[in-house]
Amino acid sequence: AQSVAQPEDQVNVAEGNPLTVKCTYSVSGNPYLFWYVQYPNRGLQFLLKYITGDNLVKGSYGFEAEFNKSQTSFHLKKPSALVSDSALYFCAVRTGDDYKLSFGAGTTVTVRA
Amino acid sequence: DAGITQSPRHKVTETGTPVTLRCHQTENHRYMYWYRQDPGHGLRLIHYSYGVKDTDKGEVSDGYSVSRSKTEDFLLTLESATSSQTSVYFCAISESVEELFFGEGSRLTVL
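Chains as they are written, first to last, in our numbering: chain A, 1 to 113; chain B, 1 to 111.
Everything labelled a hint here was simulated from the structure, so no lab data went into it.
Please read all numbers here as calculations on a predicted model, not as lab measurements.
It is possible that some hints are incorrect.
Unchecked claim - Only some residues are given here: those of chain B computed to face chain A with a beta carbon under 7 Å:
id	residue
1	G40
2	F102
3	G103
In this text, a Cβ means the ideal position worked out from N, Cα and C, and glycines have one as well.
Take these sequences, add in the hints, and give me the full structure.
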């Protein structure tokens, strides 16, 4: 079975400060890891993914994430947060031979001006 | 945006009535999924399809059925809706083991 944990329900940061959203995962086999963002009353938008290769992956809107195999983590980061980054963020995992994607419970990010 | 259309976008119904949600894609992707989103639970997989007439259950499939008679359409049916099925339902598509693309969601309220 595969699962994802997002230990923080909410993250609050000031605009211009670094933003980190935490994610840990559990899978049998090599993980495929994803981050999605959801704005109010919208569907999920893909931000970035780790499949293989460089542990630091860069995605949309200035976000990046670092895959850490020993800590089974895939934390999302942005060096300088914007008010417009306020949204609900989901981490997700699947394996190479499973087309089902498992999601964490989500983290609400609020960036204050 | 990926060509995914969900209908209806909003529906209010009564307990015990049947409900069908439709997902239509124009991307010709092989895989289609139905998820439900509830506060504190994130997204949970209901059913998915890996080809025409090929479907399988997800983690919360009880009370739901699906059908896929064409590549572009994936239907989710609640045979007899219950209040616990009040949720926001998302359809998603993918062509490979990489990212899923999501529709805008269908908000269902069962009274």
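Verification of the hints:
no. : hint : verdict
1   : G40  : holds, 6 Å
2   : F102 : holds, 4 Å
3   : G103 : holds, 5 Å
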